[in-house]
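Quick mapping for you: the protein sequence lines, in order, are chains G and X. The numbering of the first sequence is my numbering, which starts it at 1 and goes up by one. The numbering of the second sequence is my numbering, which starts it at 1 and goes up by one.
I should point out that these hints are in silico values taken from the structure, not numbers from a laboratory. Worth double-checking, as some hints may not be accurate.
Calculated lysine to aspartate or glutamate pairs in the DMTMM-like style (CA-CA distance at most 25 Å, straight line) [stated by the list, open to error]:
1) G/K67 x X/E74
2) G/K67 x X/E67
3) G/K102 x X/D55
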Amino acid sequence: MTSAPAAAGTGALARYEAVIGIEIHCQLKTASKMFCACDTQIEGAEPNSHCCPVCLGLPGTLPTINKSAVEWVIATGFAIDGEVATTTRWDRKNYFYPDIPKGYQISQYQLPLVANGKLTFDTSEGPFTVRVRRAHLEEDTGRLIHEDRDGRRVSLARRSLIDFDRSGMPLMEIVTEPDIRTAEQARRYAEELRLLMRTIGASDAEMENGQMRVEANVSIRPIGREAFGTRVEVKNMNSMRAVERAIAFEIERQAELIDGGGAVHMETRGWDDPSQSTYHMRPKEEENDYRYFPEPDLPPLTTTPEWLAAIKARLPELPAVRRTRYQTEFGLSGYDASVLVNDLASTALFEGALAAGEGVPAKLLANWVTGEYMRLVKGEESGGSADPVQLAALVKLVADGAISGTNAKEVFAEHFATGRVVAAIVEARGFRQISDAGALGTAVDEVLAANPAAVADYRAGKGAAVGFLVGQVMKATRGQANAAMVQTALRERLAKTE
Amino acid sequence: MVRSGIIPGMANLTRADVEHVAFLARLGLTEDELARLEGQLNHILDQYAILATLDTEHIPPTAQTIEVANILREDAVRPSLTVDEALSNAPERSESGHFVVPAILGGEGGA
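So that you can see chain G by itself, here it is in the shape it has in the complex:
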């Protein structure tokens, strides 16, 4: 059996089954921090400019619970079809490290806000459902930077620098049951959860800047065995691709270890993107080492049915529902519906254009969003944007045959790059298609008169001569003629005078 890392996943999965649970931390989209009123807009700010006595952990301060943060977790609970607690409580997770100034993190241990949810999503092997064990609230830690003697930021540091701006930012932790079996499922779960967060507005969930942090607990067991193997926690996966690769690597690493007569140790490993491998970070601390106990500074929280109903009523249409609706209501394929729904900007453009223009054919519009729009967004030209009203106008012109498909693409590209309105671009570039039978007839007659040889060819049985004649009409009208109408008009005239 080869053990090249490039073959990760193929060898191990023939003999072992992976058991994977995912923990995701999402920074919630609140204006102020979790337990104090400091501003959460800390990105790019001067270090320690968003701190107060509470989030600095100064003695004598008391936390107060941010209502919005609680509501976002409850909303998430409904969105994953979970049970929202009627009574919830706060606990202290105790550990000593400079990123946590109080010596403990306020979290939820025994009574999380949400329990027993689930999330269903598509994979290459069909739909898959992961059970969500719990979702709870906690506060984020400060940010540590390790410096060496010369002030370089390295892992072997002489001193550590602390920025407490992130301290006290509201975090939601979402923990799955160990239901996941492949790296792809893990990635798809994380992607679907990210989409859900953005759809309901709970979090921007950008992995690159730490608004969403994915950790995986990975173990393997021989196929057919019930008992779990020893699990390893994998961290530092900064993109969805990294999530899939890190887990695939870890499965293969553990299989090789066991095949070689070794044993997997309980540890925390980090994903190193440059080397595409995981490395040992530290032994995993036992849960009871955190000496959890109820937070005496915060009263318990009960959720009234009225409050919960109000939060539930504010939920927008969820991605899974939307995908189904696009198929049944607009006749989109499952694939097209997913492409549209999986990207929030595309969804907004599609919905906005539908709302903007009466009689815009939804399926054609969907093709424009998943085709031209997404191509431009991903391409060199990105940085531009599309206005739903303008896209609706353009798609209507195409549907009415008032502009050719090729010209419409040019118009859209210009609109995307410059923001100019569609009507002005069409006008300025003379793209309005000639669909007037009278005007076309004149052009066709002129071309027939000017090309007797082609006419003779056609009458001699060379049907292909029509293509040449169509081209001549298009040339004469600078591409503005409706090609289908030209074709029909030519054939009619050629048949008549025969």
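Please arrange chain X on chain G, whose structure you already have, making use of the hints.
Below, chain X alone, put in the same frame as chain G:
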């Protein structure tokens, strides 16, 4: 080692337990201190053991002594401290405006 609990010897925290707790608290203790704390901690646990004999079946677990619930804060921003104020108690500060502490490696990054 002397224990002065009313029911001595009920708790049995070992020396290894004390060392582990000291490690979690990041306390570097001497042999003498470890020995003394082993006695004191067992003594404290003995007191709790006495409390544990009481019948509390009809008393719900209590983490708070004041009867309030559902105290929530509206999500509104108020001004933070200035950077100078925030750093005024720092053991050392860097030019970049960070708190400076001795290098601590490989520990737990909580969240």
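These are the hints, each one checked on the structure:
1. Of the pairs offered as hints, the one joining G/K67 and X/E74 holds, with about 6 Å between alpha carbons and a cut-off of 25 Å not exceeded.
2. The hinted pair formed by G/K67 and X/E67 meets the criterion: a straight-line CA distance of about 20 Å does not exceed 25 Å.
3. Of the supplied pair hints, the one linking G/K102 and X/D55 is violated, its CA atoms being roughly 35 Å apart against a limit of 25 Å.
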